[in-house]
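There are 2 protein chains.
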Amino acid sequence: MTSEKIPYKIYLSEDEMPMAWYNLRADMTTKPAPLLNPATGKPMEFEDLRPVFCDELIRQELDNDTREIPIPQEIRDFYKMYRPSPLVRAYCLEEKLQTPAKIYYKFEGNNTSGSHKLNSAIAQAYYAKAQGLKGVTTETGAGQWGTALAMACGYLGLDCLVYMVKCSYEQKPFRREVMRTYGARVTPSPSMETEVGRRILAEHPGTTGSLGCAISEAVEAAASREGYRYVLGSVLNQVLLHQSIIGLEAKAALDKYGVVPDMIIGCAGGGSNLGGLISPFMGEMLRGERKYDFLAVEPASCPSLTRGVFAYDFCDTGKVCPLAKMYTLGCNFIPSANHAGGLRYHGMSPVLSQLYHDGYLRATSYVQTQVFEAAEIFARCEGILPAPESSHAIRAAMDEAIKCRETGEEKTILFGLTGTGYFDMVAYEKFHNGEMSDYIPTDDELQAGFEKLPQV
Amino acid sequence: MTSEKIPYKIYLSEDEMPMAWYNLRADMTTKPAPLLNPATGKPMEFEDLRPVFCDELIRQELDNDTREIPIPQEIRDFYKMYRPSPLVRAYCLEEKLQTPAKIYYKFEGNNTSGSHKLNSAIAQAYYAKAQGLKGVTTETGAGQWGTALAMACGYLGLDCLVYMVKCSYEQKPFRREVMRTYGARVTPSPSMETEVGRRILAEHPGTTGSLGCAISEAVEAAASREGYRYVLGSVLNQVLLHQSIIGLEAKAALDKYGVVPDMIIGCAGGGSNLGGLISPFMGEMLRGERKYDFLAVEPASCPSLTRGVFAYDFCDTGKVCPLAKMYTLGCNFIPSANHAGGLRYHGMSPVLSQLYHDGYLRATSYVQTQVFEAAEIFARCEGILPAPESSHAIRAAMDEAIKCRETGEEKTILFGLTGTGYFDMVAYEKFHNGEMSDYIPTDDELQAGFEKLPQV
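For the record, the sequence lines run as chains A and B. Residue numbering for the first sequence follows this note's numbering, starting at 1 and increasing by one per position. Residue numbering for the second sequence follows this note's numbering, starting at 1 and increasing by one per position.
Be aware that one or more of the hints could be misleading.
Because identical chains cannot be distinguished in the list, a pair is counted as satisfied if it fits within a single copy or across any two copies.
As the list claims (entries may be wrong) - DSS-like mimics (lysine-lysine), calculated; alpha carbons at most 27 Å apart, straight line:
| # | residue 1 | residue 2 |
| --- | --- | --- |
| 1 | Lys134 | Lys96 |
| 2 | Lys452 | Lys134 |
| 3 | Lys319 | Lys411 |
| 4 | Lys80 | Lys96 |
| 5 | Lys96 | Lys129 |
| 6 | Lys256 | Lys31 |
| 7 | Lys80 | Lys411 |
| 8 | Lys5 | Lys134 |
| 9 | Lys42 | Lys96 |
| 10 | Lys430 | Lys411 |
| 11 | Lys291 | Lys403 |
| 12 | Lys256 | Lys80 |
| 13 | Lys256 | Lys5 |
| 14 | Lys134 | Lys42 |
| 15 | Lys129 | Lys325 |
None of these hints come from the bench; they were simulated from the model. Note that the structure is a prediction, hence the values are computed from the model and not measured.
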C-alpha cells in the first residue's frame, strides 16, 4: 500500500454498493435498553408503537439480533441517484497542516438535502408508502432532515408535514423553499397547530424552539391524522441501521486500497451520522477482530455525551414519546439561541449511549467559534464549504492531525463530512463579522435539567 | 450496448481524466473573428491585451491553431478535488416522461461554487499566480463565477476583487458570504468605486446592474491597480478552452459504454458551458466524422442568439473592453429586473456565434416560468435542485423527450446540468407564490439597442 496510488476520491461502482444494512446491535453484548412506555414503565412492544410508527420500521427498531437487513430494490435504486458517496483523501488539508497523518473523509453532502439524512429518509418513506399510508410527519432542526424527507416523499408521492425548529426556520428561510419545491408543508415549531405546541408556547413565550419540542408536535400531528405516521431522522435504532450505509461504503472503499483507519471521528447530535459511520468498524471491534479509536464530537453548548447523564428520559420536550435510556441533558434542555443550528438535541442515540457507557467510544466537545475556524480552513483547502455540524468532526480531525505533526505519528484518520453549509450562511456571516459567541451551559443549568428526569 | 448495463452515474477514474484541453477553434474552417481595438479598429495583438489579461491567457485567447493544450499538473490536481463530474443517466426523468428517449446529463454542480465555472476559475487563477501577480478582479452575475474564482484564489492565496451585479447581490446575500469565506472582497455593481460605475449610476440611477456593466468596473479596477489583472468567466475563447473538460469527460464516459448522443443541449448565457460541453462533439462534426444536433437554450428575456444580430460590439456596457464579433443585443441591453439571475449577458461567445452563424448550431428560448416548471419536475424525480440557468437546458431536453414519446423515436439526448439552485431560492419562492412574470423584450426595445452598435 502506497499513498501515491490512492486517488483524491474513491468511488465504489454501483455493483460494489451494499445490498444490506448492517445492524450493529446484533454484535453488541450489552444491547441498548428498550424504549419504555412512560405510563406503565414497561418496554414498548410492537403493538404499542403501531399508532406512531410504520410496521416495518417498528420491526427494525426492535430487532437486536438480525445482523444484515436487505435493502429493498426500490431504495437501492434511489440510492443510486446520489450514492455511492465519495471517500475523499484530504491531500490538501494534510499539506496545509503539514501533518504526517493520513486524513480521509466520507462526504455525504453531494445531494440536494445537503447531508446524509437522505439515507434514512428514503427508507422510512418507502416503508410508509409500502404500508399504504397517505403521508408522514416529522420535525427538523437545521433543516437537513426535513429537506431529505421532503425529497423522498416528493419522489414517492407521499404527503409530508414538517415541524421546523423556529430558530432554524427563521435563520434558514431558503430551506423552507427547498422543502416546498419538493411539495412539503413546513410549520415553525412550537406552533399553535398542536396541543403540545400551544402548551409549550404558553409556558415559554418567545422560545426559539428545540428539536424535542418539534418532535412532540410532529408525533401529535401523526397520531391525530388518519393514514399518517411519524418518522424521525436520528436517535432511533432504525435510523442508525439505515445510516450504516455510510460506514459500509467507507469501509469497502478503504478495503479496496488496504487502508485501515486508526481513528474514526464523527459529529454527534442525535447520533445518526456517527452511528452509521462507525457501525461496521465498531462491529469488528465488538467481535474482537480489530481495535479502533472512535471519537464523538459535540457542541459545548449541547454536550449530551460529555456532560449529560445516562438515564431514561423522554425523547421529546412535550413528553408524548416513549422513554429512552440515553445520555441526556434532560428533555427540557434547549440550547442557547446563539448556537448556530444543528446538533441541538438533548439526548443521544441509545445505541451510541450504551457503547459510550461501555467504553467503546470517546467523546469531546468544541465551542462554535473553534468549529467555524476549522470550517473556513477546510473550505479553503478542500474546496467544500462544510455544514457547521460536520465542522465539529473537521475540527477534531484537524486537532488530531496537528498532534501527529508534533509526535511524528502517521495515524490514519477517517471522519464523517456529513453535509454542506450552503444554507448556513447566516451563521458564517456572524462568524465573519465577529458576532458569534461561545455560550456554554453552567453546571447549575445542567443540574436543573437532571433533577427533572423521570423516575423509572 | 444495452441500456441495462449503464449505471445511473458514470464516473471516470482519475487516470481517465483529460490531460489536455481541446481547442475547438483549431477545427473551425471559419475562425471566430478577432477582437478589435475600438480606438483603431484593428485586431488586438498580444501587447494590446497585456495591461488587462495574464500573458499565458492571452496566448490561449489568440491561439486558433493548437488543437490540444496540456493542462498543467497543478490544475489537474485541483480538478481532482471535484472532478471528474458524473455523467448521469436520467432514468427517473425518462420514467416520469414515459419517453423512449435516453437522457443523459453531465452534472457540474457538485462543488461549492455550485457550477462548472470552477473549471476556468482555477485555470485563470493559476496562470495569474504563475505570472507573479498579486490578485485578480472580475464581475459576477448570478454569483457562480465569483464564488468559483474566490475558491480558486483562496486555494492559491491570490487576492480576489469581485464586482457583483446589484440585483444578484441583493437577491443572493448568501453568495457574498460564501465568497467572503474564501477571502474575496465583493462590491455590488454599479458601484461608486470606479469611474465607469459612477458614470453608469449617473446615467441610470436605480439600475439593477448588468454583467456588461460589472465587467467594465472590474476591468477598470484591474487596470488601475499594480499587479492585478482582469479575468472573465465566460464569452472568451480561453474560457471555452478550459470548459472543454466538460465535453471531453462526457464524451469519454459515453464512449466507455458505446453511447453516441443524437442531440446535445446546453443553456447559453455567454456560452461557457455550452461551448465546453459541445466542443469535442462539434470537433467531430467540423472534421466531417459524425453529425450531431446541437441546441443552445437561452432565456426569452435575454435572447442574444435567437433575436440578436451578428455584429461587432463592445463586450461591456462601459465600453472599456475590446470589440468582439458576436450575436448581441447591444452592449447597453439590460434584461428586466424580473428575470431570475443568470444568463443575463447581452452577447454570446464569438466561437459559438460563428458556429451558429455557419449553421452548426440551433437555438431556442423559453420564458422563465416554463423553465421553473421544468426545474421543479426535474428536482422531484432526479433529486437535484437545479440552477435556473441549467433549467433552460432541462426544459429543452424534456420537450425533446416528450416529442420522442409522440413519435416513438429512441433519441439519445445529452444535456449540460451546469449547476445547483441552492442560492436561487428567492426565485423559486417567487415561482411557488405565483409572483414570477414572463417579460419578453419588444422588437422596438431590441431595435433601439441594435441602432447603437459601433460602426466598424
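Results for each hint:
Within a single copy, Lys134 and Lys96 get their C-alpha atoms only as close as 51 Å, which misses the 27 Å cut-off; across copies the closest is 21 Å, which meets it. In this homomeric assembly, Lys452 and Lys134 never come within 27 Å of each other (Cα to Cα): the closest approach is 37 Å inside a single copy and 60 Å across copies. Taking the closest pair of Cα atoms, Lys319 and Lys411 never come within 27 Å of each other, the shortest separation being 44 Å inside a single copy and 57 Å across copies. With identical chains, the CA atoms of Lys80 and Lys96 are at most 27 Å apart between copies only, with a shortest distance of 17 Å across copies and 34 Å within one.
In this assembly of identical chains, the alpha carbons of Lys96 and Lys129 lie at most 27 Å apart only when taken from different copies (18 Å versus 48 Å within one copy). In this homomeric assembly, Lys256 and Lys31 never come within 27 Å of each other (Cα to Cα): the closest approach is 32 Å inside a single copy and 48 Å across copies. In this homomeric assembly, Lys80 and Lys411 come within 27 Å of each other (Cα to Cα) only across copies, at 23 Å, whereas the closest approach inside a single copy is 32 Å. For the homomeric pair Lys5 and Lys134, neither the shortest alpha-carbon distance inside one copy (50 Å) nor that between copies (35 Å) is at most 27 Å.
When the C-alpha separation of Lys42 and Lys96 is checked against a cutoff of 27 Å, the pair qualifies neither within a copy, at 54 Å, nor between copies, at 48 Å. In this assembly of identical chains, Lys430 and Lys411 lie within 27 Å of each other by CA distance neither inside one copy nor across copies; the values are 34 Å within and 51 Å between. Taking the shortest alpha-carbon separations for Lys291 and Lys403, only the intra-copy value of 20 Å comes in at or below 27 Å, while the best inter-copy value is 59 Å. For the identical chains of this complex, Lys256 and Lys80 are neighbours both inside a copy (20 Å) and across copies (19 Å), given an alpha-carbon limit of 27 Å.
Taking the shortest Cα distances, Lys256 and Lys5 sit within 27 Å of each other both inside one copy (11 Å) and across copies (23 Å). Taking identical chains as interchangeable, the C-alpha atoms of Lys134 and Lys42 are never at most 27 Å apart, the minima being 31 Å within one chain and 70 Å between chains. Taking CA atoms no more than 27 Å apart as the test, Lys129 paired with Lys325 passes in neither setting, with 30 Å inside one copy and 57 Å between copies.
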